[in-house]
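Chains U and P, in that order, give the protein sequences.
So for the first sequence, the working numbering puts the first residue at -12; every next one is plus one.
So for the second sequence, the working numbering puts the first residue at -12; every next one is plus one.
The list treats identical chains as one, so a pair stands whether inside a single copy or across any two.
Below are the DSS-like pairs computed for lysine-lysine, each with C-alpha atoms no more than 30 Å apart in a straight line:
| # | residue 1 | residue 2 |
| --- | --- | --- |
| 1 | K568 | K99 |
| 2 | K41 | K470 |
| 3 | K572 | K143 |
| 4 | K588 | K514 |
| 5 | K97 | K556 |
| 6 | K514 | K49 |
| 7 | K514 | K45 |
| 8 | K103 | K572 |
| 9 | K478 | K588 |
| 10 | K588 | K49 |
| 11 | K146 | K556 |
| 12 | K201 | K244 |
| 13 | K588 | K41 |
| 14 | K531 | K588 |
| 15 | K99 | K478 |
| 16 | K97 | K143 |
| 17 | K45 | K531 |
| 18 | K146 | K568 |
| 19 | K556 | K393 |
| 20 | K478 | K146 |
Calculated directly from the structure, the hints in this document are not laboratory data.
Protein chains: 2
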Amino acid sequence: MLSGKNFKRWQQCAILMSAPAFAFASDIEALTKNPQNWAMQAGGMANQRYSELKQINKDNAKTLQVAWTFSTGVLRGHEGGPLVVGDTMYVHSPFPNHVYALNLEDQSIKWKYEPKQDPSVIAVMCCDTVSRGVAYSNGKIFLQQADTTLVALDAKTGKELWKVVTGNPKAGETTTNAPHVFKDKVITGVSGGEFGVRGRITAYDMNTGKEVWKAFSTGPDADMRINPATTMTWTDGKMAPVGKDSSLKTWKGDQWKIGGGTTWGWYSYDSATNLMYYGTGNPSTWNPRQRPGDNKWSMTIFARDLDTGEAKWVYQMTPHDEWDYDGVNEMILADIKVKGQNRKALVHFDRNGFGYTLDRVTGALLVAEKFDPVVNWASSIDMKSGRPIVNAKYSPELTGPDVNNKGICPSALGTKDQQPASYSPKTGLFYVPTNHVCMDYEPFKVDYTAGQPYIGSTLSMYPAPSSHGGMGNFIAWDAGTGKVVWSKPEKFSVWSGALSTAGDVVFYGTLEGYIKAVDNNGKELWKFKTPSGIIGNVNTWEFKGRQYIGVLSGIGGWAGIGLAAGLDKPNDGLGAVGGYKDLAKYTNLGGSLTVFALPPK
Amino acid sequence: MLSGKNFKRWQQCAILMSAPAFAFASDIEALTKNPQNWAMQAGGMANQRYSELKQINKDNAKTLQVAWTFSTGVLRGHEGGPLVVGDTMYVHSPFPNHVYALNLEDQSIKWKYEPKQDPSVIAVMCCDTVSRGVAYSNGKIFLQQADTTLVALDAKTGKELWKVVTGNPKAGETTTNAPHVFKDKVITGVSGGEFGVRGRITAYDMNTGKEVWKAFSTGPDADMRINPATTMTWTDGKMAPVGKDSSLKTWKGDQWKIGGGTTWGWYSYDSATNLMYYGTGNPSTWNPRQRPGDNKWSMTIFARDLDTGEAKWVYQMTPHDEWDYDGVNEMILADIKVKGQNRKALVHFDRNGFGYTLDRVTGALLVAEKFDPVVNWASSIDMKSGRPIVNAKYSPELTGPDVNNKGICPSALGTKDQQPASYSPKTGLFYVPTNHVCMDYEPFKVDYTAGQPYIGSTLSMYPAPSSHGGMGNFIAWDAGTGKVVWSKPEKFSVWSGALSTAGDVVFYGTLEGYIKAVDNNGKELWKFKTPSGIIGNVNTWEFKGRQYIGVLSGIGGWAGIGLAAGLDKPNDGLGAVGGYKDLAKYTNLGGSLTVFALPPK
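All chains, full assembly: derive it from the sequences and hints.
Take a look at the structure:
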């Protein structure tokens, strides 16, 4: 086992050995290749949330016990998870976005960073004060504050190295995403689709904080770093250039300027092609009649060249969204067999309830199938056009404003929200936390005022019709065929990121606060009730020969907004308060990390 | 093992069988006799914090693991602990004083009570927003809110049955003590010695909330329920009547009206004599020159008849206090051998650093010895007068105002504060959490304004000189001889209540957040790091055949006020902020219950 000096040496060697691949720029790719670390939010750049560690396995997982715990000192929704690099753990909190560096030796606090932020930012955070965590690279910790300030800290001391303001909270722009470091760039997005924000992604030089490039989700080609001739999209069964003004011509007038397409999810990167991947959110407003057209490139998977930001290809999952099915969920990069062929695939579980498999190099659409049979807004995806075949009955565009369109599945928070899935190269399966929730959706006309909610729909949410009566399932998915392999019912949405391991154990958390371990067949091996509901992501690492599992608990997020913000009207929280009202019978506000290991020998 | 219906039946039988002792008034004494419950804050009326349970013992304690956890949803200092009655646990929080009833079967929340209180009360709480917990009796939960409101709740539903306002926060009166139920009365006190409050204790009818009696700590005899002829005190080596105006003649003018003597500690009760016991706090102000005289009956142990409130006897530990050595610490009732004789003893570890053993029936002083050799403000207690022999060098009265009197031991927070000790009838020893902290004390003249701080001294605190350099010890004490049997050093003050058990294991928590188990000789058997620093008290109970250990963590209280209230000037928090500044390297704000058990078979 490597630690202390040996670890440092290993780190240096790893950097030297793999230098050609990432040009001496960052140690992060090398760090993620050592499973003792959990050096990125998803464990690695491919967003697989898989670990080669196997000390904890399907036979001994039932003996897991709590090794230690740590309170973040902050209540409300705790998304994301801690990073581990060598002998240090970096833990973050929701607003006001504390960061703690813990010594893994004795869990003492090496340093803490507690930024001062104007609390008025909370009023423009649609779905709780969450943060999806920090990034590490080259001795720096990158923190994306809620108020859009991106900060680089010295990972040894916690001292500020640089900071840059990336948006304007007065106009409803906030940030909840984790920053991601790919090569020498730290990349961040923006939240605020419910405030008419214009989505974009920005790359900064990780050493100086200087902006390298910015790419909007909507508007003129140049703003989007779209090349009409070379940026490709799936068209008529093949890839073709998007052509001139591919966004502008899908919006009425200047609506694209307040058109959403925010970027608050998880990003991935493939060093082989130098492409980074992410998705864009809903078009603003939620009242579809106010924005005729496809509203490109909201609800879109982007593949961009990391160095220039230029879009290599795009794919829009939900043209002209009528349901708030943001496309921000993670893109998992995996080399898998699709319909018998080996593919460099990108797998994406969209809010709209379809699981997509694309060729990540070309952008070609390979598979698009429902990952919950209850999905009813579209019957299927037309594989030639790549467009959903919308069910007129569940189309708020067709039923119109001020009409309550009932029984739409999934609800606005999707068959899956940002809580990231896991891919096990060992089993070839994807383990997906899902929501099993439907909604009534009543759009209405709304006027835009900067910094004011720009939603334009009333919602209510409730459990989807099903045999088990619950609001969620934890499923295994075959992305090569687009089939659910198994489905484990849960009382509430599974709002926690999953982790799969070489020990043939898959972990996830529940809104009631249980962390659970299941085997590759979905059989429950173990569970433990943490102090609060879990919307964080399960991580693993090794320290001094022992494998650890860690997860943040702290109820909140969209599903838990009723408890987190003390709301009690059913339609509050964009419909979530009524849908998840029973959560209060099972859990309570909190904010702490719980760490597990096998019993000491 | 008893549970569900059988438990109910047992409860009823226990009530019937022991009826003569408590006149059908309350089930609480019977409930405390079943070690499956932890039905009072101290486990029982004698404040022993001892349990007959022995499934967890000195041989297997090293295998203890976390069984489940629960977040209180509130940050800052968590004193006291949960109650367990049958299949239900009652958990409280600091301000705003939430109460949760948990189903022990699955830890789901049966009900919660979240009172609305004016947050301005926080400004008049000297030493954090703590609450020392709730009381149970006859299907009711009694909650003492910070704003002095005493509430009775239906233990089944959480519905309010009655509430009564017991003080005036605008005049600096707040409440942090747990209510105590003895027979048919619920008894509560008052905090605010730093605001010139006039201390008293009040008994209410537990069924209606009607005041039965009130007894002040200072003033006219009638107000104090002192009978000059029959209320006795230790005088010249024997008990003698206190005489007329025993308080009034020890104060200058009307100073007794703002003279402190608050009552925020733990109360005990002996049904054999129908006497209840408690201590009173510091005289106001902290500048001794402003209040010449003994300042009776501040700093005093009171023995009162439960039915009438009349004082049977009194004993003042620290006449004319010059150091803020409140006398509120618990009175532990134990039948022990003192200097060879069997005694119905009362044992009290005072803030002033002396461990007192008295005859609890008569009030006779039997033993008074230092329980930390570092104590220097007095050389000893004169056993004839019962008065301390004060060291002139460390007397702020003598050195005078505006002079910094350095090196006084212990500091104002005492060799022990309210964190309650435990007595094991099995070993005959007392297990005492202690502070090992000294101070510089500089009194100054202060004017009284209702509701404003009335302190009159500047303090700084620092570790006491010692070989281990720490700020605390966990000790075993022989109250019959007044000797430390063993002393286990700790880095910080031990600010957690102790628990001893028939399994020969003693538990306590540390400010860094460790719960520890030691054997009867002080050998550490096990420790576990909870989410936040521990200032709560360790409790135990049994459910469905399994013994559990539980403790609240949540750093705060006087020692942790720097972290809890975000203070950073060394003299803030009455000197505690500087003294405990290193705590921030080890723990963080939190608020959760952690429950432990042996591994499932």
